[in-house]
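Asks: Okay, here's what each chain looks like letter by letter:
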Amino acid sequence: MKISYNWLSRYLSQIPDPLETADILTLTGLEVEEIEQTGSDLTGIVVGEVLDVQPHPDADRLVVCSVDIGDKEPSQIVCGAPNVEAGQKVPVATVGSVLPVPLPDGSPFKIRKAKIRGQKSAGMICAEDELGLSDDHSGIMVLDGSVTPGTPFTDVVTTYRDTVYEIGLTPNRPDATCHLGVARDLAAVTGARLQKPLDALPDITGRLEKGTIGITDTDKCHRYTGILICGITVGESPGWMKNLLQSIGLRPINNVVDITNFVLHELGQPLHAFDYRLLSGGRINVRSFDREMKFTTLDEVERTIPAGSLFICDGEKPVALAGVMGGHNSEITAGTTDLLIESAYFEPTGIRKTARNLALQTDSSYRFERGVDPNITKTAALRCAELVRQICGGNINGIADVHPVRTEPLEIELRHERNNLLLGVPIDAGKVVQILERLEFDTFDTIEQKSGKAVAASDRSDHNTSTIWRCTVPTFRPDITSEIDLIEEVARIFDYNNIPDPERITIAQPEPVPFREQFLEKVRSTAVAAGLKEIYTNSLLPEHLYEPLGGKSVVVPTLNPITKDQALLRTSLLYGFLRSAAYNFNRGINGVQFFEIGNIFRKTDDGGTWIEGIHESTHLHIGIAGQAHSDHWKSPARNYDIFDLKALVQSVMQQLGLDQAVEWRLSGDELLLTAREGSKLHPDRFDGQSDRSGNSKPLILGALSPVSPEWNKRTEVEVPSFSSDLQIDLLQNLVQKSESRTYKPVSRFPSFAFDLSLVVNKNVASGDLEKSMYIIGGSQLKTVEVFDVFEGGSLEKNQKSIAFRLTFQDNAKTLTIKDVDPVIKKKKKKLGSEFATELRS
Amino acid sequence: MTEISDIDTVKKEITSFSLDSVDALEAFRLKYLSRKGIISDMLAGIGKADPTERARLGKELNSLKKLATSRFQEAKAELSSQSTYKKSATDDPTLPPVPPQIGSTHPLSQTLEEIKSIFYRLGFTIADGPELEDDFHNFTALNFPPEHPARDMQDTFFIRKDEQNPSRNLVLRTHTSPVQIRLLKEQKPPVRAIMPGRVYRNESITAKSYCLFHQVEGLYVDNNVSLADLKHTLITFAGHLFGKGLKYRIRPSFFPFTEPSLEMDIWWETGNRPGQWMEILGAGMVHPNVLKAVDIDPERYTGFAFGMGVERITMSRYEIDDIRLLYDNDLRFLNQFP
Chain B
29 MKISYNWLSR YLSQIPDPLE TADILTLTGL EVEEIEQTGS DLTGIVVGEV
79 LDVQPHPDAD RLVVCSVDIG DKEPSQIVCG APNVEAGQKV PVATVGSVLP
129 VPLPDGSPFK IRKAKIRGQK SAGMICAEDE LGLSDDHSGI MVLDGSVTPG
179 TPFTDVVTTY RDTVYEIGLT PNRPDATCHL GVARDLAAVT GARLQKPLDA
229 LPDITGRLEK GTIGITDTDK CHRYTGILIC GITVGESPGW MKNLLQSIGL
279 RPINNVVDIT NFVLHELGQP LHAFDYRLLS GGRINVRSFD REMKFTTLDE
329 VERTIPAGSL FICDGEKPVA LAGVMGGHNS EITAGTTDLL IESAYFEPTG
379 IRKTARNLAL QTDSSYRFER GVDPNITKTA ALRCAELVRQ ICGGNINGIA
429 DVHPVRTEPL EIELRHERNN LLLGVPIDAG KVVQILERLE FDTFDTIEQK
479 SGKAVAASDR SDHNTSTIWR CTVPTFRPDI TSEIDLIEEV ARIFDYNNIP
529 DPERITIAQP EPVPFREQFL EKVRSTAVAA GLKEIYTNSL LPEHLYEPLG
579 GKSVVVPTLN PITKDQALLR TSLLYGFLRS AAYNFNRGIN GVQFFEIGNI
629 FRKTDDGGTW IEGIHESTHL HIGIAGQAHS DHWKSPARNY DIFDLKALVQ
679 SVMQQLGLDQ AVEWRLSGDE LLLTAREGSK LHPDRFDGQS DRSGNSKPLI
729 LGALSPVSPE WNKRTEVEVP SFSSDLQIDL LQNLVQKSES RTYKPVSRFP
779 SFAFDLSLVV NKNVASGDLE KSMYIIGGSQ LKTVEVFDVF EGGSLEKNQK
829 SIAFRLTFQD NAKTLTIKDV DPVIKKKKKK LGSEFATELR S
Chain X
-17 MTEISDIDTV KKEITSFSLD SVDALEAFRL KYLSRKGIIS DMLAGIGKAD
33 PTERARLGKE LNSLKKLATS RFQEAKAELS SQSTYKKSAT DDPTLPPVPP
83 QIGSTHPLSQ TLEEIKSIFY RLGFTIADGP ELEDDFHNFT ALNFPPEHPA
133 RDMQDTFFIR KDEQNPSRNL VLRTHTSPVQ IRLLKEQKPP VRAIMPGRVY
183 RNESITAKSY CLFHQVEGLY VDNNVSLADL KHTLITFAGH LFGKGLKYRI
233 RPSFFPFTEP SLEMDIWWET GNRPGQWMEI LGAGMVHPNV LKAVDIDPER
283 YTGFAFGMGV ERITMSRYEI DDIRLLYDND LRFLNQFP
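Same order as they appear, the protein sequences are chains B and X.
First residue of the first sequence? That's 29 in our numbering, and the numbers climb one at a time after it.
First residue of the second sequence? That's -17 in our numbering, and the numbers climb one at a time after it.
Errors might be hidden in some of the hints.
[Said to hold, decoys possible] Ranges of calculated distance between the beta carbons of each label pair, as one might list FRET restraints:
no.: 1; chain 1: B; residue 1: E539; chain 2: X; residue 2: P148; range: 38 to 44 Å
no.: 2; chain 1: X; residue 1: P148; chain 2: B; residue 2: E465; range: 48 to 54 Å
no.: 3; chain 1: B; residue 1: S581; chain 2: X; residue 2: P320; range: 39 to 45 Å
no.: 4; chain 1: B; residue 1: R305; chain 2: X; residue 2: P148; range: 48 to 54 Å
no.: 5; chain 1: B; residue 1: Q764; chain 2: X; residue 2: N147; range: 31 to 37 Å
no.: 6; chain 1: B; residue 1: G124; chain 2: X; residue 2: T76; range: 34 to 40 Å
Simulated from the structure, these hints should not be mistaken for lab results.
Heads up, the beta-carbon is just placed ideally off N, CA and C, and yes, glycines get one too.
Work the whole structure out from these sequences, hints included.
Replies: Okay, here's the thing in structure tokens:
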């Protein structure tokens, strides 16, 4: 919202300079977001006298002038104007000055010393348009002959200059949607007198004929004042009014429309002027329709108006869309002589609905939506009539003020004690009352009233904060409905910056950081330690992924996305990873290893996390794609493979202390990370007894797999890529359930390694062999490593060989082959029966 | 065969032998120190010498051998320290190593981490809630009147209704404030927590706007909490995050769920840009209606709440002028935040 400094100053007995005014407004809650100077800046333009004019030797249309600009020596200036003559007094833009009107490309027009077709030129003789004074470019501006050369041009012409504020108005301040309202806040801070422009309102004795104005829908229209003025002359507005309107960015149209606009921005009451002769039957009825209506508004756009919207109708048809925009059919034209001024109170929500529906916000709807003063309706109409009579002539024929719903001012109690407790600063009673009264609240001290003169003066000191005021809220403040609103009024005028800091900070008994938060931070730091880069990706995905993401039973769609790209909530973090990878590959990066911690959303029949039917959970996604490293002198370029990803996931598990609590299970293309059954969290060994060879349903914590070709294609990732998704909540549970960690003694005895090479069918999984070995190995088996895998050679086609290194260690003695041998034998036998293996060495 | 009487000559030779290369060193070894070298030869000749001379000769030859050995060792050490000794093409530590993979957190996580650590010091704990919220927690309980502009369709992502719950209004939370409601329903005062999280705005993606961003909300409800306490908390926070001696101002503002409401600006000067006020957070005293909505008596307890955007703070600190950079995950961008 634009507010003009000059306009504000009309309503104040005194006003600080424009910059200080801006600061004050900001600190009262009317935030000045921008300050703009309007009007021409004529600094550097001086009066010059043309002493001599000679033809330009090399250009027919140019002349070379000698101009006295008040310096010791005359300046030589090349000029192209047809009307330049010796003896003229002219405006000269001196070297270094900047013309108020910029160049066509918007860059500043700075005057420099130049050579024009070989002739020196030091300055510029200006036409009116070049100085922003008019559109006249017929020739240079010729001034009165009496002015002395060198006189600043600003002493010769008076231009209209103003400072304009762009105020970011909060929705709770309908009172400040006009200059008088803003001036009121300013006056409350500075103590200046607020001068309302309401002293000369006309006293209208004539009444419009009964029935001229009727309100059918009194829910949506509480009051309607009409004033009929006949015999007016539509024309141009006076300069002062045009200047003010132009300052705030309004184009003057004609005196009638300008006056309604002026009053709107002065008092905050939207007005409308009808050409009375175009109103069928000379009547107004305010009503809504229960069906859609076609209606052509002032801007000559035919609109479909939703059912229930409020219209101003004449005897037969709608003539205005109430509170939003007038109709084309009753518009003021140059030939209008009889005028009906409308000033009304429309109920905010109705106007808001209509304006939203049409996506049409006007100066008028903006104010009605927020709530105009229901008791200024008539005053504003009178103010408008006064100005019309002054500016457009004519005679006021009569007034009708239909007021079916009345709004009485609210009364609210304010406790002094509560005010000071909440603000944390003792503000004395006098100051509180002063602030409220300057904001036009009537305050009434109830304690004083109850006890009369009995209250001793000493009890009324500043220390006594037991006062309770009954405050009458002016009707232009519909936002003030409770005590806390009054406290805010006191505080904002008092200035928040004047509230002193407490001497010490009080801290409630600090609570520990919840385990969840600690765990999330731990996960993040382990991923970083594994060498992964964290990414943040969009939780909203494009509409075309609906089916690929799982369709109706899983995907949660948004109702009203502004673009189709934000139509669905993510059901996994995969897409975001792949898009980020593609972004990098398209920019010449060869490989990425990323992680993201974020929430995913899935429909569920099984309760829900927070909201019934919605499973919202936090996941850790680790994704790698492209090259692990590019060509290097030590080794050629290498693409990432699944083992790189497995290593990263294992690294995270180890850092979380979960490596003994989880195990991998192969399921199709996916490697599942599952909670190891029967495992205690930090066992020194794995107790084989409790494993029932994987037949029971394991708790799946996450999965790891190559990215499917379909997803690669969808995201245009054309390199090997691998994705792993882990459920933070489950990992957290696993860690939380774990017993507290205690130190386990490190064996003082050396370990003993034994190599075992097994030939098995190719579809036997190494992981299954490894698992069995742990089961059979007993407590002395510490680690199983795979150091060789091969096929071909002497092996049969369907065979492969896997070489394991088993490391045994005991806490009480040095192990030898004798200790280990029985275990190995048992192992061979067991593995032999389980996997049909044969032992190579 | 060198005569024993040549000891002095050999001694001179040894002293002056040029040992400036690996080859020369080997030649020297072969000539003097090998089993078939001169010194071995001469030692073998001792037996033929005059017995009275043998002891003296033995001594002299030993010292000759010592000399040769020590010259050899010194030269060898010298040569290898010049690293010219048996040098291979890859024996060059100036060659680049395989680049290590360096992990790092996202700049938004880094800012968030800093914000959290400051509030931990001020005695705040942390709380969270869902990103997909119901209307009650996101709006109604936070004192948003039914027709409030913040509920405008173009700002809020609503969730498409399904057959199971046709009348239920779900939204993507537009702020982290609903966590306040969840927290206050669960826990009675004193409550002192921050609530970081992802929030959504139904806006198209441009340099200036994104359809989501991250907020940190804070809440303190207790006996006698005042606006002065709030102000002090905010100033302490800003001083920790942006440095002491920071220039700030606090101005009135409006949020439905706080009253009085305020915003805090800090004076921001970076690089060549002229200084300007930059809004860093919004705050206020918890509105009595919000406390009532969670069955807390506003006469007994008061509280303050504040909220700030992690993106805004991050972007201004690093002079990031396009919010999309934070979600493109360009490695050349991420690498700048180790």
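Asks: Which of the listed hints are broken here?
Replies: 6
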